[in-house]
Amino acid sequence: MHLIINGEDHDDLPDGLTVAMLIAHLGLPERKIAIERNLEVIPKSTFGEVILNDHDKLEIIHFIGGG
Amino acid sequence: MPETSTDNLIVAGRTFQSRLIIGTGKYADYQQNADALAASGADIVTVAVRRVNLSDASAPMLADFIDPEKTTYLPNTAGCFTGEDAIRTLRLAREAGGWDLVKLEVLSDPKHLYPDMEETLRAMKLLKEDGFEVMVYCSDDPVFARKLEDLGAAAIMPLGAPIGSGLGIQNPVNIRLIIEQSSVPVIVDAGVGTASDATVAMELGCDGVLMNTAIAEAKDPVRMARAMKHAVIAGREAYLAGRMPKKLYADPSSPLAGLI
Numbered sequence: 001m002h003l004i005i006n007g008e009d010h011d012d013l014p015d016g017l018t019v020a021m022l023i024a025h026l027g028l029p030e031r032k033i034a035i036e037r038n039l040e041v042i043p044k045s046t047f048g049e050v051i052l053n054d055h056d057k058l059e060i061i062h063f064i065g066g067g
Numbered sequence: 001m002p003e004t005s006t007d008n009l010i011v012a013g014r015t016f017q018s019r020l021i022i023g024t025g026k027y028a029d030y031q032q033n034a035d036a037l038a039a040s041g042a043d044i045v046t047v048a049v050r051r052v053n054l055s056d057a058s059a060p061m062l063a064d065f066i067d068p069e070k071t072t073y074l075p076n077t078a079g080c081f082t083g084e085d086a087i088r089t090l091r092l093a094r095e096a097g098g099w100d101l102v103k104l105e106v107l108s109d110p111k112h113l114y115p116d117m118e119e120t121l122r123a124m125k126l127l128k129e130d131g132f133e134v135m136v137y138c139s140d141d142p143v144f145a146r147k148l149e150d151l152g153a154a155a156i157m158p159l160g161a162p163i164g165s166g167l168g169i170q171n172p173v174n175i176r177l178i179i180e181q182s183s184v185p186v187i188v189d190a191g192v193g194t195a196s197d198a199t200v201a202m203e204l205g206c207d208g209v210l211m212n213t214a215i216a217e218a219k220d221p222v223r224m225a226r227a228m229k230h231a232v233i234a235g236r237e238a239y240l241a242g243r244m245p246k247k248l249y250a251d252p253s254s255p256l257a258g259l260i
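Protein sequences, first through last, are from chains A and B. Anchor point for the first sequence: position 28 equals 28 in the UniProt record's numbering, and the numbering is continuous, going up by one each time. Anchor point for the second sequence: position 214 equals 214 in the UniProt record's numbering, and the numbering is continuous, going up by one each time.
Please keep in mind that the hints were generated in silico from the structure rather than gathered at the bench. Cβ coordinates follow ideal geometry from the N, Cα and C atoms, glycine included. Do not take every clue at face value.
Said to hold, decoys possible - Think about it this way: if two alpha-carbon atoms lie no more than 35 Å apart in a straight line, the pair counts; the simulated DSBU-like pairs of lysine-lysine are:
hint, chain 1, residue 1, chain 2, residue 2
1, B, K70, B, K219
2, B, K26, A, K44
3, B, K26, A, K32
4, B, K219, A, K32
5, A, K57, B, K70
6, B, K125, A, K44
7, B, K246, B, K229
8, B, K111, B, K125
9, B, K229, A, K32
10, B, K247, A, K32
11, B, K111, B, K219
12, B, K26, B, K70
13, B, K128, A, K57
14, A, K44, B, K128
15, B, K219, B, K229
16, B, K128, B, K70
17, B, K26, B, K111
18, A, K32, A, K44
19, B, K147, B, K26
20, A, K44, B, K70
21, B, K229, B, K247
22, A, K57, B, K111
23, B, K147, B, K125
24, B, K125, A, K57
25, A, K57, A, K32
26, B, K125, A, K32
27, B, K70, A, K32
28, B, K26, B, K125
29, B, K70, B, K147
30, B, K26, A, K57
31, A, K32, B, K111
32, B, K147, B, K111
33, B, K229, B, K70
To be verified - To spell it out: a stretch of chain A is covered by chain B in this simulated footprint if at least three of its residues, at any positions, have a beta carbon under 8 Å from a beta carbon of chain B; those stretches are:
hint, region
34, 4-15
35, 19-28
36, 45-57
Chain B with its partners taken away, still in its complex shape (with noise of 0.2 Å):
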């Protein structure tokens, strides 16, 4: 049985301490989410692409604060509809960062931000043609899973619930088919909202989770980042040891012999 400390994520060959990969949006300000980095113990935050504000080149730039050099960079699609408009989002951002593991998420309808499958497969062809690592946003759907593992992702990441919305792991009995199956690591992506929720995933069998709204949006998101930082560690020493069977009845702690 591996040690916590030796027990690492790898993707695409790179070695992870943390299994929790967390979101750089939604916080009050870059600091706050600097403190909650801190607080989580990850090594990969997601981030997105964006033009910069050409009327105030001084403004605070997410590096002065998270140092891309420390802390991984997974550059993200967000906002993109088409395999088009994310492979040309990454093309940038590789560019930019010198990174070649990418998140994508190609999304459809804002209301629930489901993932476009269709159009997500075919951006994954298009980005690992081009060279990219790519950890992919999905359904929770394990044939698409498969699909998507079949054209080369580097990390297969379902949704637990929709995006922002903190309802925690709705299909377990898929996220875990999709455990099963998969070679790949399995990320859940979306969807929790407390650290039970993050528990709940890694106990399950998966190799992270990655979550932003839950930690931002929280009353003490530092807090909350060191909750989660725990809630991960518990969840997938839980799976490790691998939990006892459920039983109908109770079952004494204390042996009935020797009873005075």
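Next comes chain A alone, as it looks inside the complex (with noise of 0.2 Å):
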């Protein structure tokens, strides 16, 4: 399966990934992070449910420094 990350292709991912299964397999610290697909969030609660397609498009985030 192919994935872009963040604004990187990842091609060498196994089919039907939750996305826990994602963020085990990237080791990101659940709790600290958020992530989008195809521009809508990811309720943090349906991580354990919700099966990744084909090119979807992920931008997963945390806090860092600002103003």
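Put the two chains together into one complex; each comes in its own frame, and the hints tell you how they fit.
Here it is in structure tokens:
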């Protein structure tokens, strides 16, 4: 499966990934991030159920220093 | 007259003990930022929303140093130039942190970083409809400030001077007009350079001061954070105390009666 994550192509991902599985695969702390798929926010409570589709565009964000 | 300890800042029904809000940008590292926060006594920090670094998932995160359970994170929309950008960013922030209190800033020209007030008003409307409590960075124009309040802004945050300039309160007349007409908190956001600037803002009657560069780019940020804590308290106390009238001539402090 092919995903675009934070503007970069990821081609080597298995089909049928849930959001939770992707987060674990990327090694990210689930509590501190949020994810948008194709411009829609994915609620954290659904990370375990939502299955990603080929060519989904994801944005994964966290908080950094700012004014 | 309320005592300092009960003179709290209340925004959108939430109570904060400190009237100082600090940014988390431009510090040498997150540890210095955390130390400055402790010295400042601030209850709220502004934070930015950005992509995670996928190539180094173990890189330190702000939340490892400043605990969002103890300090209120106020997500901003820095870098957003349209209402749509701003609402997209803050929806993600809300999901990441679970907070609906946010700072809206829609900027225009990178040279002066003045807010684009037309877009700011539009974004304000969109965010309010989406259930956000919005603290708004705005120009020091009482007409726009009134419009923001009418749209339901949780706090009006006029600039004292351009972001990061450290020039101090350039237009105290406008800031005072905004304070006079507003029934929501007015917080000077941007322009403070040193402690006396923060005191001036508070003496004008502002409900709070938001600053980042003044602390982060001081030679000793932690010490400046402490100075700002005292500056904001001093200005607030002086405002509540009510200053003496200015006079054109001297007035002796020691009585003249009973002179030998």
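Each hint, compared with the structure:
As the CA atoms of K70(B) and K219(B) are separated by approximately 27 Å, the hinted pair is consistent with the 35 Å bound. Among the hinted pairs, K26(B) with K44(A) is consistent with the structure: their alpha-carbon atoms are about 30 Å apart, no more than 35 Å. A distance of roughly 21 Å separates the Cα atoms of K26(B) and K32(A); the hinted pair therefore holds under the 35 Å criterion. Only pairs whose Cα atoms come within 35 Å are accepted, and K219(B) paired with K32(A) is accepted, the gap being roughly 31 Å.
Distance restraint check for K57(A) and K70(B): the Cα-Cα separation of roughly 34 Å lies within the 35 Å cut-off, and the hinted pair is therefore satisfied. A distance of roughly 26 Å separates the Cα atoms of K125(B) and K44(A); the hinted pair therefore holds under the 35 Å criterion. Of the supplied pair hints, the one linking K246(B) and K229(B) holds, its CA atoms being roughly 27 Å apart against a limit of 35 Å. Pair hint K111(B) plus K125(B) holds up; C-alpha atoms about 27 Å apart against a cutoff of 35 Å.
Between K229(B) and K32(A) the CA atoms are separated by roughly 29 Å; this keeps the pair inside 35 Å, and the hint holds. In summary, the hint linking K247(B) to K32(A) is not supported, as the alpha carbons are separated by about 57 Å, beyond the 35 Å threshold. For the proposed pair K111(B) and K219(B), the alpha carbon gap of about 25 Å is at most 35 Å, so the pair holds. This hinted pair checks out: K26(B) and K70(B) have alpha carbons roughly 22 Å apart, not beyond 35 Å.
With a C-alpha separation of about 27 Å, the suggested pairing of K128(B) with K57(A) holds against the 35 Å cut-off. For the given pair, K44(A) sits about 22 Å from K128(B) by alpha-carbon distance, which is consistent with the 35 Å threshold. At most 35 Å may separate the alpha-carbon atoms for a hinted pair to count; K219(B) and K229(B) meet this at roughly 17 Å. Using a Cα cut-off of 35 Å, the hinted pair K128(B) and K70(B) holds, with the two alpha carbons roughly 26 Å apart.
Between the alpha carbons of K26(B) and K111(B) the distance comes to roughly 18 Å, so the proposed pair stays at or under 35 Å and holds. For the proposed pair K32(A) and K44(A), the alpha carbon gap of about 11 Å is at most 35 Å, so the pair holds. A threshold of 35 Å between alpha carbons decides the hint, and for K147(B) with K26(B) the separation of about 32 Å falls inside it, so the pair holds. At most 35 Å may separate the alpha-carbon atoms for a hinted pair to count; K44(A) and K70(B) meet this at roughly 22 Å.
For the given pair, K229(B) sits about 30 Å from K247(B) by alpha-carbon distance, which is consistent with the 35 Å threshold. Proposed proximity of K57(A) and K111(B) is supported: the alpha carbons are some 32 Å apart, at most 35 Å. For a cut-off of 35 Å, the pair hint linking K147(B) to K125(B) stands: about 11 Å separates their Cα positions. Of the supplied pair hints, the one linking K125(B) and K57(A) holds, its CA atoms being roughly 28 Å apart against a limit of 35 Å.
Only pairs whose Cα atoms come within 35 Å are accepted, and K57(A) paired with K32(A) is accepted, the gap being roughly 20 Å. With a C-alpha separation of about 28 Å, the suggested pair K125(B) and K32(A) falls inside the 35 Å cut-off, and the hint holds. The suggested pairing of K70(B) with K32(A) holds, with an alpha-carbon distance near 15 Å, which does not exceed 35 Å. Proposed proximity of K26(B) and K125(B) is supported: the alpha carbons are some 31 Å apart, at most 35 Å.
About 33 Å separates the Cα atoms of K70(B) and K147(B), which keeps this hinted pair within 35 Å; it holds. Among the hinted pairs, K26(B) with K57(A) is consistent with the structure: their alpha-carbon atoms are about 31 Å apart, no more than 35 Å. At most 35 Å may separate the alpha-carbon atoms for a hinted pair to count; K32(A) and K111(B) meet this at roughly 33 Å. A threshold of 35 Å between alpha carbons decides the hint, and for K147(B) with K111(B) the separation of about 26 Å falls inside it, so the pair holds.
Between K229(B) and K70(B), the direct Cα distance comes to roughly 18 Å. Compliance with the 35 Å bound is thereby established for this hinted pair. Coverage of the region 4-15 of chain A by chain B holds. Counting CB-CB distances below 8 Å, 4 residues qualify, and the rule asks for three or more. Chain B is given as covering the region 19-28 of chain A, and this holds because 3 residues of the stretch bring a CB closer than 8 Å to a CB of that chain, at least three being needed. Figure legend: the region 45-57 of chain A, annotated as covered by chain B; annotation inconsistent (0 residues with Cβ-Cβ distances under 8 Å, at least 3 required).
Of the numbered hints listed earlier, those contradicted by the structure are 10, 36.
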